[in-house]
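The lines below spell out each chain.
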Amino acid sequence: MASGIVEFPRSKPLPGDPGRRAAGGGIGGGDDGGGAGGPVPLHTYYTGVCLALAAITMLFVGLTSALVVRKGISNDWAGIALPRILFINTLVLVASSLLLERTRRQLHTFRLGDEARLGERLSPVLLLGLAFLAGQLGAWRELAARGILLATNPSASFLYLLTAAHGLHLAGGLVAIAWVALRARTLAASLRGRTMVNAVAIYWHFMGTLWIYILALLSLKI
Amino acid sequence: MAEPRPAAPVASQASGSVLRTYVFSTDHKTIGKQYFFLALFSVIIGTILSWLMRMHLAWPKIPIPGLAQLSPAGAPGGVMTPEYYLSLLTLHGTLMVFFVLTTVPQSGLGNFFLPLQIGAREMAFPRLNMLSFWITCLSLVVLLSTLFITDGPPISGWTAYPPLSALGTAAGPGEAQGQTLWVLSIAIFCIGSVLGSINFIATTLDLRTSGMDLMRLPLTCWAWFITAIMSLLSFAVLFGACVMLLLDMLGHTHFFVPGGLVLNDQIITPPGAGGSPLLWQHLFWFFGHPEVYIAILPGMGIVSHVLACFSRRPVFGYKSMVLALGCIGFLSFTVWGHHMLVSGMSPYAGVVFSALTMVIAVPSALKTFNWLGTLWGGKLHFTTAMLFAIGFVSLFVAGGLTGLFLAEPAADAYLHATYFVVGHFHLVMGAAALFAIFSGTYFWAPKLFGRMLDERLGQIHFWITLAGVYCIFMPMYVMGLAGAPRRYSEFTDRFLVPLAPFNKFISVAALITGVAQLIFVSNLFWSIFRGRRAAENPWRATSLEWSNGGTLPSGDLSTRRPVVCRGPYEYSVPGEAEDYLMQDSPQVAGS
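So the protein sequences, as listed, match chains A and B.
To get the working numbering, take the position in the first sequence, counting from 1, and add 116.
To get the working numbering, take the position in the second sequence, counting from 1, and add 1273.
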């Protein structure tokens, strides 16, 4: 089979002058400036988490938009009195965020004492998170007992959908916190590990903020 | 201080089992190739499906061998029912849009070349990258499983409009199990896509080597970056829409199913108690329009890259090209309503969407003129990659201009859901984007496989395919203007019967063009194993993937990374001895 690639003129050797080293830079430029390739720069974990949160935000923007439109065009929208437990749950989630934030700051200022304590200190956060999820399930049971199920009317559909979507993402956050708690010793000992803890905290706090938004939306619209 | 050039690359991933190295690999190059071959597999199936449809359109009564075995209910005696035609159409569209056009240019070529072009060792999150691939793979398996279930794939098209898609078996064959599997497949794909986008964006922002400022990025990197942002934002919305559709199908909710719906003399929903099919359309097209730009943008980046190399000139107007990519990316989120101009939404909304669609033509036209400007006065080398890149420009114009016709509400009132639309989107996606993929493959084969693809076969492949796609899709414009509706499996209406010769011509062209792709496939596989071994930089290109520093095997932690001193397209720099300067070739005093 004839190969026939176009032949380019042979290149001459480049001058051997090493020249100047170019200025590095640009946003978030190379980590050690062309040095030995190492692991990713620390702030990449923040970039990653923030991008994930951007996608999650868009998901809830889409669901919000659907709610507003669906309510606007329909004759079958029925208001639902929100179960009280949803409001109590908010306090539970805020408390867990406060605890996590306090632990995180102590970790970074080396006030935790023994690094293994990180694991201990995260347990209450985990428990509060699980309590939140249990509370959400409790809210669903209360609604079901009132005869309000997923398909009963569109407001109920959105209530279940939004709380479920939030709950699932929160559960993912719980998995991350559990992972941090299990690896507490290794993570606390390195700057990279502590950065990962920060990233998990950013996610968790966002879930709390998102919940407050969802609750406000449900209170106003459902 | 001169960076010492590394010695010959050491073996990568020293202690890998076959499973670790080739299957569950976290190496971006392997993952890129996995996506590439997943898409190749998908495009073969998608093409076969299109052949089946074209054969039926041209010769409706002739039985197709093997079809009766695949689906006895859908094609009794080998002649497909109208419903089965719609099933094949749905699968064809879904495979091509999601698993070919969204996958190859971005996840396939992007994963392989983005780290190399920015001088990074790896993507930002390699394990997430591997997870993204396997999620996409799972999505494909779920989708293809619809071919083998009793009722077959859904009949609602790749756009899955409710109420058809939400009513289960009552709405038609394939609407129960098939539709559920389809929605699940797409929802899974959304997750894989979002995870992949996170990787692309983080890598581009954080892992550029020193000297690689944003305005020194090759246009491929800009295209991948902006496409990833679009993916991140749009697939999330589609995921939400898919969940709501699933709830409508399985949970008896009424997000999209309207009130007062009667189907087969059965009342499905009581009057006044129901949702809006238009809501699905808004949500879907909010994703759907960025999606088609996700399909074309990386191709535009590749074309800029290839045209510069083989014109031996910098890209004309690099900054405006970057700005144009950004504008297209941003504006793509504002024009979704042009898919719904005849849906009954407010005509004032239609005016706004129409105007914005005209506006988005401006950066697209800017890019086209800049490509011509890149070619003008250049020392042109007509390699296969170059031919496909020029072909892209031609097809993009042929297909893109008709988008403006469709953007005009009065014209769209007539042309919507006719073959005019089919011709338009096939020329931009099925032809232009495909040509960009071919261009990238021929251009980058030396890096992907270490071998050159055979040029003579490539040239034959190009000319037949160029003639072929024009023969297939230009007549569709004429058919559309004559009023031929899309998604019809047979043209039996009186006004459609005279168009039968068009159908036959298109089908013959499609079969020939399809067969010609075997030239490419055989060239590809033969060259992978027995092709001519490629030099380090056979095209004498400037970007980092061709430099010594760019060929770092994964797992090699000791080698230093390139330091970038110049822009991405320094071809034919006046006063230089060479007609190209690599991005990391050192600054020389006085130059």
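Hints are computed from structural coordinates only; laboratory data are not their basis.
Beta carbons: idealized from backbone N, C-alpha and C, even for Gly.
Treat the hints with care, since some could be wrong.
Per the computed footprint, the stretches of chain A lying under chain B, defined by three or more beta-carbons under 8 Å from a beta-carbon of chain B, are [to be verified]:
1) 157-166
2) 182-190
So, partial list: chain A residues that the calculated Cβ filter (under 7 Å) puts toward chain B [to be verified]:
3) Leu169
4) Met174
5) Leu179
6) Ala260
7) Gly263
8) Ile264
9) Ala267
10) Ser273
Numbers of unmet hints, in rising order: 3, 6, 7, 8
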